[in-house]
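What follows is the residue order along each chain.
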Amino acid sequence: MTRFLLRLAFVVALPLFLLGLWWLASDDSTNPFWPPLRTILTTFPDVWTSERLRADVLPSVLRLSAGYAVAAVAGVAVGTVIGSYRRVRALCEPVLEFLRAIPAPVLIPVIMLFAGIGDTMKITVIASGCVWPILLNTVEGVRAVDPVMAETARSYGITGAARLRNVVLRSASPQIFAGLRQALSIAIILMVISEMFAASNGLGFTIVQFQRGFAVPDMWTGILVLGLLGFALSVVFQLVERRVLGWYHGLRASARRSP
Amino acid sequence: MGALLDVSGLNKVYEGSGRRVEAVRDLTFTVESGELVCLVGPSGCGKTTLLKCVGGLLAPTAGQVTLSGRPVSGPPPGMAFVFQEYGRSLFPWMRVGDNVELPLKQKGLSKSRRGELVDDALRSVGLADAAGAYPWQLSGGMQQRVAIARALAYEPEILLMDEPFAAVDAQTRADLEDLVRGLWRERGITILFVTHDIDEAVYLGERVLVLSGSPTVVRERLRIDLPAERDQLHTRVAPRFAELRTHVYEQIQAAKRGTPAPEPSDRIVDVEDRPVDKS
Ligand SMILES: Nc1ncnc2c1ncn2[C@@H]1O[C@H](COP(=O)(O)OP(=O)(O)OP(=O)(O)O)[C@@H](O)[C@H]1O
Ligand SMILES: [Mg+2]
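Protein sequence lines correspond, in order, to chains Z and W. For the first sequence, position 82 (counting from the first letter as 1) is numbered 82 according to our numbering, and the numbering increases by one without interruption. Plus 1000 on top of the position in the second sequence (first one is 1) and you've got our numbering.
Hints listed in this document are in silico derivations from the structure and should not be mistaken for laboratory results. Treat the hints with care, since some could be wrong.
[What the hints assert, rightly or not] Distance condition first, Cα-Cα at most 25 Å in a straight line; then the derived SDA-like pairs of lysine to any residue:
1. W:Lys1105 x Z:Thr49
2. W:Lys1105 x Z:Leu228
3. W:Lys1105 x Z:Trp247
4. W:Lys1107 x Z:Pro35
5. W:Lys1256 x W:Glu1229
6. W:Lys1107 x Z:Val110
7. W:Lys1256 x W:Glu1243
8. W:Lys1105 x Z:Ala25
9. W:Lys1105 x W:Glu1116
10. W:Lys1107 x Z:Arg165
11. W:Lys1105 x Z:Pro147
12. W:Lys1111 x Z:Ala162
13. W:Lys1105 x Z:Thr159
14. W:Lys1105 x Z:Phe231
15. W:Lys1111 x Z:Phe10
16. W:Lys1111 x Z:Ala161
17. W:Lys1107 x Z:Pro103
18. W:Lys1105 x Z:Arg86
19. W:Lys1111 x W:Gly1132
20. W:Lys1105 x Z:Leu16
21. W:Lys1105 x Z:Leu245
22. W:Lys1107 x Z:Gly213
23. W:Lys1105 x Z:Gln238
24. W:Lys1111 x Z:Asp146
25. W:Lys1111 x Z:Ser84
26. W:Lys1105 x Z:Leu19
27. W:Lys1107 x Z:Gly157
28. W:Lys1256 x W:Lys1105
29. W:Lys1107 x Z:Ala162
30. W:Lys1111 x Z:Pro147
31. W:Lys1105 x Z:Phe10
32. W:Lys1107 x W:Arg1187
33. W:Lys1105 x Z:Ala161
34. W:Lys1107 x Z:Trp48
35. W:Lys1111 x Z:Thr80
36. W:Lys1105 x Z:Gly157
Please read these numbers as outputs of a predicted model, since none were measured by experiment.
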């Protein structure tokens, strides 16, 4: 119990300190673009009513989830194929390097031409930006399957789908998760950017609306919401990762104990 | 029907990046059903290569391997492999029980039958209560016992073991040797056991095949006429054990110097009873 409290104290200490700093630094601010934190916090409940959460935050979260899911499935699937076959890899590598180097936001105008300005466009933008770290990490993870494990699987007749499920993807899962983690922060950025371009709702849209209407404290509350959303997503991600990669953390810890 | 395992004229040449390594020159031997045969040879003489060819994991350059009359061209269902690198052969993301069970699922056995086999195999290697642990929570010797249990549960016609105890400490090694001999006697399985350790080969085997240094041929076949009941304490100090190990040692030393084998290498040699040195 005390250990839990201690850990909790460690988690919240720095955020509280920074908030306090912000509070003090902005307390007597008269600059309209830099309102006191007190003002921002009192504005917060007025702006982020349950109505607004449903109308703006929910669509954003849905787009983000859809784009992220598409990227995860496509990235792992294509990455597994590329990682499994040397020939395919040699063929794809230069193209991948090129595609990866294009920042996803510049694709928004192009994607708008094909996918319009609706949800499809935003999901496509998010997916096309997120897919690269997932794909490239999957390729590396699949390539790095231990040869002894691969031979063990072969000698026991573990081939095809069973091999993919029980050996290849499991062995690559630490790398795949590293890619998924990178992709998560990219997904949030692209969600906001795509909503700033052409949208009628969503977090990015709302923040830009506030800014254009000079509702500065409201704009700041939007930024806080974005930060909280990112934090919540990363907590969820960590919970999932801890479950799926429990074996990996245990393995690493035991390797550290007896090198 | 001939022997269970028949290896004839096996040759393996590794080619690649301008280097040509003839790991195995010409190996011919057989293993009868129910036998425990040890292959002993110096380090780097191609033991792993040989065993992988026998197990269908590598295609031989020339020669043929047949298991119960059928030529081996890929890993045959009647074979189980215990690898030298136990730490990398178990899947760290699966618990011990699942590691042992996975090959059985692949065989299409029913859930209840799988459960029986897993329990039985883990019990016979003395790890009945480790089924829920992860491999990395176990010591090296325990991990190798899990690998042996996985092979046992698979119910192979022949068990191939590639220097399975090379990386564990001496005490654990002695225990594992007794475990393998015990399992062999209890279950009547056929084992082909590869090692570079002369004492281990003589202690375990009913027959020992001595390999020459690279390029590898069978230098000698030796019948180990020690009693079937063996134990670490008495067998290893028995005069007969000393004679046999000395003989194998001399053969391997001679092989390293490149002296030709004294006997034609396709006959089983019985070492003559030399008077024991009493000085
Ligand atoms: N994949 C490979 N490509 C090229 N040469 C190889 C390959 N694998 C093994 N060799 C060579 O073949 C020879 C025999 O190797 P092998 O691993 O079969 O020996 P070993 O008797 O098992 O050795 P150890 O006792 O160290 O396990 C060695 O000279 C080695 O360098
Ligand atoms: Mg070897």
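Compare the structure with the hints numbered earlier in the document and write down the numbers of the violated ones, lowest to highest. Violated: hints 1, 2, 4, 5, 6, 8, 14, 15, 17, 18, 20, 22, 23, 24, 25, 26, 28, 30, 31, 34, 35.
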